[in-house]
Amino acid sequence: MADELMIQAEGLTKRYGDTQALAGVDFSVPAGTILGLLGPNGAGKTTAVRVLTTLALPDSGRGSVAGIDVVQHPGEVRRHIGVAAQDATLDPLLTGRQNLVLVGELSDMGRAPSRARAAELLTQFELTDAADRVLKGYSGGMRRRLDLAAALMTRPPVLFLDEPTTGLDPTSRQRVWEAIRELLGEGVTVLLTTQYLEEADALAHRIVVVDHGKVIANGTPTELKEASRSARLEVSLAAPDSEGRAAGAMAPLVAGRVHVSEDGRRLSAGVDAVPGLATAVVRALDAAGVLVDNIEVRQPSLDDVFFSLTGGHIEGEDEDEDGSDDGATAAAAAGGSEGGDGDNGDRHELEGVRA
Amino acid sequence: MTTTTLTPTSVGLDRARSGGSVFGALADIWSMTRRNLVHIAREPMQLSDVTIQPVLFTVLFVYIFGGAIALPGGGSYVDYLLAGILALNLVTSVMGTAVGLSTDLHEGMIDRFRTLPMWRSAVLVGRSMADLLTSLLCALIVGLTGLAVGWRPGANDISVIGGFALVILFAYALTWIAACVGLNAKSPESAASFGFIVLFPLAFVSNAMVPTQHMPGWLQAVAEWNPVSAVCAGTRVLWGNPNPAGALHAWPMQHPIEASLIWSVALIALAAPLAAHFFRRRTTE
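Protein chains in written order, with the numbering used here: chain A, 1 to 355; chain B, 1001 to 1285.
What the hints contain is simulated information worked out from the structure, not anything from laboratory work. The reader is advised that the hints may include incorrect statements.
[Unchecked claim] Residues on chain A that point at chain B, a partial pick, calculated with CB under 7 Å:
#, residue
1, Thr53
2, Leu106
3, Leu135
[To be verified] From the derived model, a few chain B residues whose C-beta atoms are all more than 10 Å from chain A:
#, residue
4, Phe1065
5, Met1109
6, Gly1240
[To be verified] Not the full set, but computed from the structure, chain B residues with beta-carbon under 8 Å of chain A:
#, residue
7, Ala1025
8, Ala1027
9, Arg1035
10, Gly1108
11, Phe1113
12, Thr1115
Quick caveat: nothing in here was measured; it's all calculated off a predicted structure. Think of the CB as a built atom: it goes at the ideal place given N, C-alpha and C, for glycine as much as any other residue.
Take the sequences, apply the hints, and build the full model.
What follows is the structure, given as structure tokens:
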């Protein structure tokens, strides 16, 4: 079963007016795993989700969910999916419970089973106290959790979560993450879009990085980090006045200059994250007679990977930065201007998240 | 080691019925109708449209205009007025349909519905069903208020009920026009302006409040062919209330019941498929 593909996108393209939202996107998600679709605003993440959840028709290419073609049999696909979209898609005038029951009824669950399942989910997502309050009074975090609960009403085998934590405070985000992790134990297959690198790192088995409607990288979080090969070596020395010898011994093993701290006790340098690097460094330092307190090879953060992947304009011909599904948001970030400014807006947001 | 499979036992689909059946579609309509009824109950503006407004209009028109208006051919103004008040209330309340649908489309709620295995047009039909039910409530309130201020029908019960049904059917037909407007509106606010630009003139340039005999010639011609005039006149005939329009020569005034039915059926036949078409267009990308 493990290699059964529950979600497949093959050469998906989609154009909205002048904007090429998807320019040939391929990825697949094996059963029981989470794929993180990572990219800045306007990269095409939401459009990909809209195509795969039968909300939008692709211009070309093929999408399937649970082996069912999304264009040929949209009705059948809808029986297998749960969707938590980026915008709030619940009824603000209904209570939390009424919203869930409505989703259940419209999914042919029947009234009594819908009520039972709704009660179960409200408990699971700690919304019992607010269950019979109208949604208008819910906080952002509560709405997101209810959105997630709505997506889970029918226990669908495939879940689409489009930026499930955007705009949430760290505590709420943590709770949504926990909920998503719990789902994995139940064998659910998840496509998660996010512009938060740490989110993809924390949740996803595999990550597909998209930008300008194209896949620019694809791998496990570790593979992606290794791909950028920009790990950092940090060494703490046991005795003072040995930094000169230590730097000399390290120099052949590192990429670039060895940086020495002011007190002369800590040395750092960029390195290629090759296997056995730490051992080689310890041997070299030992041979030079330097006593080491601590040595650490730090993997690059996914942020580093992401920026190194999307930093330069890979697609020279793509001049429209704001392109696509998230057009409004991207345009807002760009302050109405176009091109590189929009890009900067996204970057700042990403950095803000990391901080 | 346990293997996870995709069969309903591990991740199962909690779905009792298979979709696509008539029963499933009816269940979807009923769910959507209930949802919209909750909306109306929770939105003070929409609720007052069908509860407070009818009472207010009836009382105001009876006591403010009542003494000043003499009916051609005689008769009590309150007996004349009530059919007009009913039509005015029901016609203006269809604005709620336009605003409600436009709001659904703009709040992203429609995307949720579109990812569910439901009969999609239940969004439209459920809306019109809810509006029909609130029309019934509105009609009941108008009738009771009318009785309280002195309205007395002069026909048998069946005929009186027929009079109510004639107005309600027309209002139902108008909800489909309102649906077309709501589905094409840029925002719920612009959908609301439909009420002021179209519905109010439609309700007032008619014999709903005053006999058309006093209007300038050209306006009188417009009023005589206004479907609202036919509906009001038809209802007055069925209720056994004064109907000065019977003296006018325009065909709809001579045959108000037939004219009302033709208008209502024609509007539904035209606007309902059109609304379904607009709905498909708005929800395809």
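Verification of the supplied hints:
Hint status for Thr53 (chain A) relative to chain B: holds, with the closest Cβ pair at about 5 Å, below 7 Å. Hint status for Leu106 (chain A): holds, given a least beta-carbon distance of 4 Å to chain B, under 7 Å. With a cut of 7 Å, the hint placing Leu135 (chain A) at the interface with chain B is violated, because the nearest CB-to-CB distance is about 11 Å. Consistency note on Phe1065 (chain B): stated as away from chain A, and its beta-carbon is indeed over 10 Å from all of that chain's, at 37 Å minimum.
Interface exclusion of Met1109 (chain B) from chain A breaks down, the closest Cβ pair being 6 Å apart, not more than 10 Å. The beta carbon of Gly1240 (chain B) sits about 42 Å from the closest Cβ of chain A, which is more than 10 Å, so the claim that it is off the interface holds. The beta carbon of Ala1025 (chain B) is not positioned within 8 Å of any beta carbon in chain A (closest approach about 11 Å), and the interface hint is therefore violated. For Ala1027 (chain B), the suggested interface contact is upheld, since its CB lies about 7 Å from the closest CB of chain A, less than 8 Å.
Because the closest C-beta pair between Arg1035 (chain B) and chain A is about 6 Å apart, less than 8 Å, the hint holds. Below 8 Å, beta-carbon pairs count as interface contacts, and Gly1108 (chain B) has one with chain A at about 4 Å; its hint therefore holds. For Phe1113 (chain B), the suggested interface contact is upheld, since its CB lies about 7 Å from the closest CB of chain A, less than 8 Å. Here the hint on Thr1115 (chain B) is kept, as its CB sits about 4 Å from the closest CB of chain A, short of 8 Å.
The structure does not agree with the numbered hints 3, 5, 7 stated previously, though it agrees with the rest.
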